[in-house]
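A.B. asks: Chain by chain, the residues:
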Amino acid sequence: MKRKIFNSQRPATEAAAQRPFLSPSALRGEGRANSRNLPLNIMEVCGTHTNAIAKSGLKTLLAGRINFISGPGCPVCVSAQSDIDNMLALALKPGVITATFGDMLRVPGAKMSLKDAQTAGADVRIIYSPLQAVDIAQKNPNKKIIFLAVGFETTAPAAAAAVLAARKLKLKNFYVYTALKRVAPAVELILKEKNNIDGFLLPGNVSVITGLKEFDFISEKYAKPAAAAGFSAKEILAALAKLGKPKTQNAYAWVKAGGNKTALRLTAKVFTPAAGSWRGFGKIEQSALELKEEFAAFDAKKVFKIRAQKERKTKCRCALILKGKIPPQKCPYFARVCTPQKPLGPCMVSQEGACAAAYNNMG
Amino acid sequence: MCLSSVGKIISVKNGRALVDFNGVRKEVSAALKPQAKKGLYALVHAGFIIEIMAAKEAKKTIADINETQNF
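Sequences listed follow chains A and B, in order. According to our numbering, the first sequence is numbered sequentially starting from -14. According to our numbering, the second sequence is numbered sequentially starting from 2.
Derived from the structure by calculation, the hints contain no laboratory data. Hints are supplied without guarantee of correctness; some may be wrong.
[Said to hold, decoys possible] Label pairs and their calculated CB-CB ranges:
{"no.": "1", "chain 1": "A", "residue 1": "G243", "chain 2": "B", "residue 2": "R26", "range": "27 to 33 Å"}
{"no.": "2", "chain 1": "A", "residue 1": "N26", "chain 2": "B", "residue 2": "G16", "range": "43 to 49 Å"}
{"no.": "3", "chain 1": "A", "residue 1": "Y113", "chain 2": "B", "residue 2": "K57", "range": "27 to 33 Å"}
{"no.": "4", "chain 1": "A", "residue 1": "E270", "chain 2": "B", "residue 2": "P35", "range": "31 to 37 Å"}
{"no.": "5", "chain 1": "B", "residue 1": "Q36", "chain 2": "A", "residue 2": "M97", "range": "30 to 36 Å"}
C-beta atoms are modelled at their ideal positions from N, C-alpha and C, and glycine is treated no differently.
Okay, chain A solo, but in the shape it has when bound (with noise of 0.2 Å):
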């Protein structure tokens, strides 16, 4: 089910075969024969790369041999408008307590963030694990607790565990709002549009979980190279220079073959692949993982009788950063109206934004 949206293979073309790839004498700006077509465009899909890359000086020290593109990797950046202003409709009713991780926190919603609405009286604690969500509710019988689950594979068996927990205690006050998204489908959307992409550097973590061959279709049916990166700048540029053919590979020492079963079998049997919604994508087939009909009571989308709603324009660029359309310094807001203290959207609200990165590591 899961691999299915990847069956339709596409014989990799000659001429894709041929590109030149990174190799370490051109990580060095050695050889003409590698360098002539750099600078290469290398997509970054996880946000904590994004910010890795430039604390670390990575983006300036290879700068006019490798382009670093932030992707969709950032949870919290990705999530639809529609989804941040449900969740701060939901955090306004009364007898709500909202448990969020901290990086939801001043995401602007319609009229606030959930930090205003916190301000305004409502009940909005921030979480480190689900879990605690779930001990939240169990200490406030009389509340009703929504546990704002955003983020991708690697929370999405923490949120299930969350879920399974409340089952078993028989809480009647737990409920779950989904944004919880798997990554590939998106690399694949932007691997079938017109792109300039040489290589990826896929999020490690993620890929703790799923394993490899969730990737695979990135090397089998768009002929590029990708690698799973560890976080710190050897790591980093350990699976730059894996990215020498059109292969899937693995850089990062934590990810086993066939990844984290256990995780896996917890997150299919909570969650189930449906249409999501993301910011700058829209709609994507099988990105999205909602809860499952037996789950349904658990469901606050479902409970709260949320409606779907047309995605809200605002004036913010993330979109297009997003989409690796343009770098977070082209928007005409980045660091004049949009500032880490005063966002306009999520990806300079994030650490793990490619806005809030660029911002933060300004010359």
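Assemble chain B onto chain A, guided by the hints.
C.D. replies: Frame of chain A, contents of chain B only:
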């Protein structure tokens, strides 16, 4: 959001593991990695161990990460 931390497993009991993150100890769930045991290193995300590793290899990973953070 997919941030993770690496720490040393101090003990495991009833599916809960006590993990030492560079001197800070925290109890996390071992539900996603039942093979977690004392002495191994753990990759922890959102309060759950998502992968484990032998000490020798993990120490190298920690050293590399510390190096990046000290830039």
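A.B. asks: Against this structure, judge whether each hint is valid.
C.D. replies: Status of each hint after checking the structure:
For A:G243 paired with B:R26, a C-beta distance near 31 Å keeps the hint of 27 to 33 Å intact. The given range of 43 to 49 Å is respected by A:N26 and B:G16, whose C-beta atoms sit roughly 45 Å from each other. At about 29 Å, the CB distance of A:Y113 to B:K57 agrees with the hint of 27 to 33 Å. The hinted window of 31 to 37 Å between A:E270 and B:P35 holds, with their beta carbons roughly 33 Å apart.
Taken as a hint, the range 30 to 36 Å is violated for the pair B:Q36 and A:M97, whose Cβ atoms sit roughly 45 Å apart.
Of the numbered hints given earlier, the model fails hint 5 alone.
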